[in-house]
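Engineer: Now for the letters of each chain:
2 protein chains.
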Amino acid sequence: MSDRTRLTRKPERRTDDPAVLHRLLDEARIAHVGCVRDGSPVVLPMAMGRDEDRLLLHGSTGAGMFLAARSGIEVSVAVTHLDGLVFARSAFDHSMNYRSAVLFGVATPVAPGEKEHALKVVTEHLIPGRWDEVRSPTPKELAATTVLEVPLAEVSVKVRAAGPGDEPGDGEDHSVWAGVVPLRTVADDPIPSPITGSSTALPRSVRALL
Amino acid sequence: MSDRTRLTRKPERRTDDPAVLHRLLDEARIAHVGCVRDGSPVVLPMAMGRDEDRLLLHGSTGAGMFLAARSGIEVSVAVTHLDGLVFARSAFDHSMNYRSAVLFGVATPVAPGEKEHALKVVTEHLIPGRWDEVRSPTPKELAATTVLEVPLAEVSVKVRAAGPGDEPGDGEDHSVWAGVVPLRTVADDPIPSPITGSSTALPRSVRALL
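Those protein sequence lines, which keep their order, are chains A and B. In case it helps, the UniProt record's numbering puts the first sequence at residues 1 to 210. In case it helps, the UniProt record's numbering puts the second sequence at residues 1 to 210.
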């Protein structure tokens, strides 16, 4: 049983531990980014990476949020892992184990001179080891790339990593099964593209995911 | 090879097919909900369920967004599945396969008389079959429950389900492996709570997740 799945009495907590935040971000591939457009909220999923103390967001340069960010745009970014389903004896007491970070800040495009570095960080974040297996971006490709950065300054981290809050004398029917079903993301068999030769070996970056 | 993983030439598309939207929502457990608070965006993860043509959101009654929603609050809700990582021959052409719904609307609390129904829908959405295995909510528990609803009226659905956009004559180095690594969420071995008897059989709802 790992630390994450050990059942404790303290089900939910905020933490200021940067190691928890960094691990949570480093294990995530998608961030949900909210901004205000014409007074209304908009939330979009984006590819992400972490570069030290800033979060990098990668999306289509044509997307409205990326255009609006040219001069800086206020965002809230949520990154969430659903780590398990919590089964209790009553419907009401069911819960989820999760790790979540909610970041507030101003998103700005990374400087042109930093774009290649930022693209490398995001690529390596999503697929460790891939950068050196493939062709580097051309100047034209970099010009078509926008990566936004948000400083990891104002961030709220919450973790629930516990079983149901049951006690022997809580009046519930303890013949009903209660506990946690952990959830995890796994990779299935790789599917080569039609023009990948059948004798082409899986690269190290793919094998590391399996 | 399933429809989802078949490699096609049309990598990205918007769809108005309600069946795609419904399946995407029905397979999701977490929604990312954005609202505007004091002029700034806030995005929070919430448990979710779908009840016909409305999305139900479940969270702590103490959370600011739930308090603000008492008289209706404008939200944007994103629900995203990351279905695979797309490996190309160049860093720039890497991508992700995903299904995403972005909903816009006004969130309001479900009526008091509908709360038990809404809690059942969310519970059954997250853990099919669980409602009938456990104790129903008491009036006090229902009073402490807030479920928000957002009509599935204004929603944008995007699906990318394709391989990398490679062509024999695209100038790339085709000795580099390209293709898709599908991703999937799985359940690990259930962890019983300390007071679940060791002879208590796993209920049907848990077994269905394994």
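There may be inaccurate statements among the hints.
[Stated by the list, open to error] Mimicking DMTMM-like on lysine to aspartate or glutamate, the simulated pairs with C-alpha atoms at most 20 angstroms apart in a straight line are:
#: 1; chain 1: B; residue 1: K140; chain 2: A; residue 2: D173
#: 2; chain 1: B; residue 1: K120; chain 2: A; residue 2: D188
#: 3; chain 1: B; residue 1: K120; chain 2: A; residue 2: D93
#: 4; chain 1: B; residue 1: K158; chain 2: B; residue 2: D16
#: 5; chain 1: A; residue 1: K120; chain 2: B; residue 2: E172
#: 6; chain 1: A; residue 1: K158; chain 2: A; residue 2: D53
Hints were generated in silico from the structure; no laboratory data involved.
Engineer: Taking only the CA atoms, is the gap from K140/B to D173/A under or equal to 20 angstroms?
Structural biologist: 18 angstroms, holds
Engineer: Assess, step by step, whether the Cα of K120/B is no farther than 20 angstroms from the Cα of D188/A, and give holds or violated.
Structural biologist: 33 angstroms, violated
Engineer: For K158/A and D53/A, compute the direct alpha-carbon distance and say whether it is at most 20 angstroms.
Structural biologist: Given pair K158/A, D53/A holds - Cα atoms ~18 angstroms apart, limit 20 angstroms.
Engineer: Holds or violated: K120/B and D93/A, Cα atoms, limit 20 angstroms.
Structural biologist: Holds, because 13 angstroms separates the two Cα atoms, which is no more than 20 angstroms.
Engineer: Keeping to a limit of 20 angstroms between CA atoms, is the pair of K120/A and E172/B held or broken?
Structural biologist: Cα-Cα ~19 angstroms, so holds.
Engineer: Is the hinted pair K158/B and D16/B satisfied, with a Cα-Cα distance of at most 20 angstroms?
Structural biologist: 9 angstroms, holds
Figure legend: structure checked against the earlier numbered hints; the only hint not met is number 2.
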